[in-house]
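> For reference, the chains in residue letters:
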Amino acid sequence: MRTFEYHAPTSLNEAISLLQEHGEAARPLAGGTDLVVQMKEKATKFAAPSHIVSLLRVPELSGVSFSESEGLRIGAGATMSQVADSPIIRERYRAIAEGAALVGSIQTMNMATVGGNLCNAAPSADIAPPLLAFEAEAVIVGPSGRRKLALEEFFLGPGKTALAADELLAEVRVPLPPPGMGSAYDRHTPRKQMDIAVVGVAAALTMAGERIERARVALGAVAPTPVRAPQAEAALEGQAPSDELFARAADVSAAECSPIADLRGSAEFRRHIVRVMTKRMLREALDRARSG
Amino acid sequence: MAQETEVREEEMQREYRNVGKPVTRIEGAGKVTGETIYADDMQLPRMLHAKVLGSPYAHARIKSIDGSAARQHPGVEAVFTPADLPEYKKNFSNRRGVIFPDEEVLFYGQPVAAVLASDPHVAEEALALIKVEYEALPPVVDPITAMEESSPLVRSPLGDVDRSEERGHVTVGVEQEEAEGKPSNIASQMNFKRGDVEAGFEQADVVVEHTWRSAVVHQSYIEPHSTVADYDASGELSVWTSTQAPFYIRDELSQTLGLPENKIRVTATEVGGGFGGKIYLQELMVAALAMAVRRPVKYIMSRKEDMLAATPAPQAVIDLKTSMTRDGKLTALKSRVVYDSGAFPGAPMLPGCLLVGGYYKCENLDIQGYEVLTNKVSVGALRAPGAHNVTFAIESHMDMMARELGLDPIEVRLKNAVEEGDPLPSGQPYPRIGLKQCLEAIAESEVWGRRNRERGTGNRGVGLAVGGWLGGLQPASAIVCLNSDGTINVTVGSADITGTNTSFAQITAEVLNVPLEMVNVTTGDTRTAPYAGMSAGSKTTYTVGRAVKLAAEDARQQMLEIAAKRFEAAPKELEMADGVVRLNGSDEKTLTFQRLGRLSTNFAAPFPAVVGRGAITTRKMAPGFTAQAAEVEVDTDTGEVTVLGFAVAQDAGFAINPLSVEGQMQGGASQGLGIALSEEMMYDSEGRLLNGNLLDYRMPTTRDLPPIEAIIVEVPSEEGPYGARIVGEPSIVAGAAAVGNAIADAIGVHLTDAPFTPERVLRALGKL
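Chains L and R are the protein sequences, given in the same order.
Using my numbering, read the first sequence as starting at 1 and increasing by one per residue.
Using my numbering, read the second sequence as starting at 293 and increasing by one per residue.
Isolated chain R (complex conformation) (with noise of 0.2 angstroms):
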């Protein structure tokens, strides 16, 4: 293990000519231009079009359903109700095992009923024909509500529970308790504890205590879910679909469908923004459809459809309880941490639990989590899911106790930050992480040094928080092939949806030494590419890049050994630079990378063709921190909260696209700014969804963000290519605490719930 760090630790001196380069995205011109090929572009021979009946109800029987108006009306070519949908292993405990509720209908706007036609217009029209007679029962919305004894239940009891989606995005050793018992809406609980929190909180010299709420935020990517089916001739199930997780699709739609994996083809079509919301939803429907009918079928959610019935993230109610000694030591952390599911379980509590406890040294634990059904749509992942909820309530305490015993708030997270072999609140210890030196990074962004300048004028503050992820784990493989013209190919299982395939393009091209246009990365569909795991827990550029890179390593062998028995030399002697290898240095004996290609693929040629081979597994977290600061301007008067400036430190590991690195930093930031400012979902008392709409839904325009600075650390992995580390996820996590901490820096007060509105700064304020 040292010898492979101090390998890794020369590698990082030596100069690279693609990799740590900003390079812009292979794919970007087509998504600018309007060229790129998404689901919904898909046309086939005598494709149909479905549309989808929801329930008007939050909670309801479902008495009866009838179908025959409907098929009546011209144009329509089938009509599914629960009754007429074909056999397929039902799961009512998962959301993605029910395509429609037999009886009991448990969120406003949940699938009931679907339309196919040849013109989506008429489709549509015809489920006003369906007839459902409903038996309304009542509905459980609030999460807190939800858990008390005399809590009507939000649906009949569970089976046994899938989580395999949800350790996509984290996976960590530890499993949560199924609730047993009496029946409750309390879909699974744990618990860690460490040492003995009354006794932390006597000896400490400030405790703080309060709760924290977030809203139900939407992931709101461009393109709605999209997918379009077809069953052929020779039993073979294709599906085309904007996904992040293509063989984990394949996987269930195996399982449930009954069909054996190699008849299963899905391609994951470029995705128009998933965020976590992108990995298996209405697949299955559209899949069944196709093969009842025997014609390709399309689905394309309206942007309403989505709101209401993709997989938005979760709201939480966390408790916190925290205390602090004069000189800035964490002295224990007690949290109730509350998420509420909707009507399915799967939402993040373990990772929730994990990171309300997971930034900080602190001898004194107990962190309890509950996952609470309520008669909501269920939840599914956004970007480091269920962090940034416990992230808004650890961070403002962190503030708060600092301000209380006067001291910096920078000073107080590096004295207790975590750091490589601090366990977690699960006990696991940490492999090397970089949150220290976020802090550090951060203390020295444009943004934090204006902190003190701007203090007390006007109602301007400056605040920042810690945030992290610890990012998800697979088996991952590629595939590197020497084309004859020299040019080479990249072929990997993993969804493009943050520039990864640029980022292989440049690991290739680093292997091989070549400039990064020789070099062409596919993502194929699970026939034809080697495994990958979802692109989801920001592990695709840490574990598939892993593997890229032994690919290009292999076929560099190969490539080395022909040139080697041409030359009757050994490989050691060669050296491969501009697509040219050369034998000691000369410029005599050289064959170039086409000459190769042409040696390994031309009649009869003398050599195999080159094919570089790599897979790997990853047993270790390379978790990725962030700090970020935020400056606001309060306007006391009307409530209205304006960020001028935010600034995102994050560890990186190694920017294998700095630019690419940036971007998801930016973007993520983004996403936290809209959390903090004006994201969530509105349910009435009877569950319906009141914004299902990019109107009163609403994410920040570009005139309400500021420009953000993103400041890339860079303190390598212990396994990923040239040290890089989990990316994608980090930055959404501390934009609603930092926003936070900055208002009550401006007027002196912590807001308990986010979104912060108008309205409730004006109530923080006691002026409503």
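Bound conformation, chain L alone (with noise of 0.2 angstroms):
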């Protein structure tokens, strides 16, 4: 019978040395929300992995901190409840707070993790954009010690990302918001909950008066990893938000996409579907913004 072996190590360089000792043959588990259901279905394919790495006892990858100095800080370990519930990400950083709440079931959100849902590296994670729009950094661990990437460069492909087979995700930092700030994240499903985004946009607008100042949109499951759109942005930089600008800025978004069709939808659904949620994202984004 199929077997492997199961380690809980208790601090993050334990973890990184079984990751070292086992190579390719082990893979870490946090909520296993993707990983049991991926290794359920590999089940006959003698395909699996042969060392697992509980991180649920790794002290050094849990919780949701902030300061005014450094920013928002969340644990790889931090699950989706943790985020969805926090009242510093739901009042800064509200999208992040958005795509969480947005993952799976209720059980699947106490669970699930975001260095899970990050590593992954599924195209359509929930928690990927909001963190892209608020230009959020991974810190990555391994033997030689800490390394910090945009999180734009994190994501490699669909299920690939930048770590190496002994290296984990250790934390998100998200930088502090400018004031004048507001930001936003929904998807489109076909039912309302428990579903994966067949489109996912986050907008985050920063107001200096009636201009908008800096202007992020990043976009889930329309390209191979989740991404920014930046000649969305650039049309949006320096202008006086209205309708016909974000008309235009979702036109552009739609147009820099690369979407595929898959059972989910066509990818010229999903064009169309960009297009019309960026103009949401945008017009929710500069609302909050506005209202402080």
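Quick caveat, the hints were computed from the structure, so don't treat them as lab data.
Hints may contain errors.
Said to hold, decoys possible - Derived lysine to any residue pairs resembling SDA-like cross-links, with alpha carbons at most 25 angstroms apart:
# : chain 1 : residue 1 : chain 2 : residue 2
1 : R       : 596       : L       : 107
2 : L       : 40        : R       : 980
3 : R       : 1059      : L       : 5
4 : L       : 42        : R       : 987
To be verified - So the derived label-pair ranges between C-beta atoms look like this:
# : chain 1 : residue 1 : chain 2 : residue 2 : range
5 : R       : 395       : L       : 4         : 48 to 56 angstroms
6 : R       : 527       : L       : 42        : 38 to 46 angstroms
7 : R       : 326       : L       : 157       : 52 to 60 angstroms
Said to hold, decoys possible - Away from chain L, derived, C-beta distances all over 12 angstroms, residues of chain R:
#  : residue
8  : 513
9  : 708
10 : 711
11 : 820
Glycine included, each C-beta is placed from N, C-alpha and C at the ideal position.
Can you join these two chains into the complex? Each is in its own frame, and there are hints to help.
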């Protein structure tokens, strides 16, 4: 019978050494909402990890913290529920809380972690577009210490990240949002919950008076990885917000993404939804920026 | 007959103490606390687990199967390829008549071999070691293409087709023609004709013609197919299985395995959802393997296996042309009804053809039905099988014609609705039915009341549709026994899938005039229970309920006779209430049920045990109709449809347990909304199922469903207990049509393909 060894390290160092020791044969386990399902689906193929390294007891990975000087730190082990319910995230990083609150069911949200959602590297990961819109950084720990990477560079393709086999995503750092910033995330799914994004759109607008000083638009499920929409952002920055401007930016973001067709939607449909949702998220972000 | 009707009307006016009262389901507590024992909870000594290898091709020839490596795998007890199976009577024209194909694989996921091991994971692992060499054959996936003369054949020609399972769901005296002549993919066809449709179209002021498509949908019960079987030293086969049809399985196993029926014990374990899909499927394989290895065998389908290889409900393509005069009279209806049966016959073409022309009076009909084979999984029943597909077509047409003529959709339907005596397309007249009463009731619903208020506000709309189901008919029987402490045991042979045993307790308690708590109802196995038909076709309360009532009346009579002898009085001088029999209302001459129980069970007791017997046959249908209204909001930018409100009016005849009836109405409506909004099994061009999981096969969640208003209409049936008629199925029938009509009310366009996904809505709006 197919078996695997289960490790439960109690420190980050110990976890890293286990990964170092077992290399490709090991897989880290956080909430298990992706990994366990994948292991079950592959159960007949004999191609499964022979070592599971549980991250549950690694204290360095847990929790959410915030300071006015350093901004937000989300431990890779923070659950979607913790993020969705965090008062500071809800207040200052609204889109991130909205992304976390959409992942699966309540039960899924209580198990799934931010690190897991990012490391699984699904193009549809709901936590990714909001983090991209906030220009988050991934803090990676390996045998030779820590390194930081812009989250945009963390994703390499569907299921692929910049992590080496012996590295772990330890936390995500999100800079302090400037005053006058508003953000929003939503996704399109055929049903209202328990679903996977067909399109996800995050927008963050920083207003300077009546002008958009900084615009960030990030898209999920319409490219091999979650992506920013730099041309749409450029179209927005320096302009006075208006329905026409948002419509123009939405057209640009629809044009610059590269969706595939699959059973969840045609490429044409996904582009259309990107256009609709970019407009909506920009409007929402603007309202929030204005209402402080 | 007239006399019986009078009696019934008198009965209807009586004040009941048990029937007609809302009662929580007796077996409900066990289900919500997890105490209920399901087939998968069965553990027998020396039991083996079966795992099954499915075909990776939708159509292929098996050139060779080599199970030797799997046999060598540590922990594996046995491997069964087609060549290793014990003798059984094969019937390759029926899905249930084949364990594994000898040669030709007909659908993706079709079982071709099995492994047995003490550990299910070991069995599963060993499947990968079975070497199968296939020669791929061209798959035929689309039913319309399959009908073309140039289409490759789905399979080698069929032999005789056994349609006994379908008749359990709908029992009407019509035979369909099996296809003859040149081999084609059309398994059977039928035609109903009345009047002259062309003349009917000529007389009309509006003619509407469209093609309506609906998807393959899955019953998606919580509990997948689950079976345990054992064959003992005395030559008796025991099968514990999640089924709606224990006696049917017994009969089929007897014929296929060559065992007498009295040596087969089928126990219908508590069913974790069936909806027509749990009749008879894997039981033959599990029984045959258990007999071959002489050990108990358990087989529990995974969710994926269940979606690949159980029996979902068919897709259909309905061409419909209808016409109406300016004053709203339906003048002609012409339809081609095509059901995709998958790889084996068994599609509900007959009910589809009956219902497409069965809701309205129409002098000119021409309905042509086709049951077409494709290389997809074979279909089964899903709650009023086939009805929602055709209802989507005809009910969309009724709205389109009404709209074009500027007529009210309820008025148009009332004007044409069938009533007692009107003929079905087959010519058979309807018995007493309540279609009009349902329409009148839905007109009073809150949801319909919002129709005119919502018009023109945003993209909201309200629509309605009717639906119906004719129901199955089968003999039934029941036994009611008095225990020595005065309590009552009822034994039936019907699987309780909808709370029927609770209703039987109510009926028994009503007849004996006792509190419900004094009655306990058991579903026995096929050796101990009196015969009942399958719990399908909505007929369980209608048929078994009548047998229970008779059995309770028989027990009552026996008890009164004992009391009469004790009091030296005539039975008619006695009355029975609250577990006591009294002579002429006196408190002096009384006998408690407990006393009666002792007098008929104790050592040297003077009276025989009280055993009431009820057995019936019913040949009269009690069709159930419904009218349903939906209120929707359409996001015209994203194409999302949100159902804001839904109402179901349904004729239950007499609601023995109104709580249960409402639950059936709401549950069926929820499934109807799934068919309308999101449920669809998707296949690629090679016939492979793309979404064999409950993430991408989208059933509505609680957040997708609105509150569902349930309005019970009661037009008594002629033979059902207390006037009850069929209840379980009609509620699923009208959802797609009602939502489609509400969408059209909101955005002015009818969608012709269900489910109404955002992408389809956007295409209908011309936005993609």
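> Return the numbers of the hints above that this structure violates; sort them in rising order.
Hints 3, 5, 7 are the ones this structure does not satisfy, whereas the remaining hints hold.
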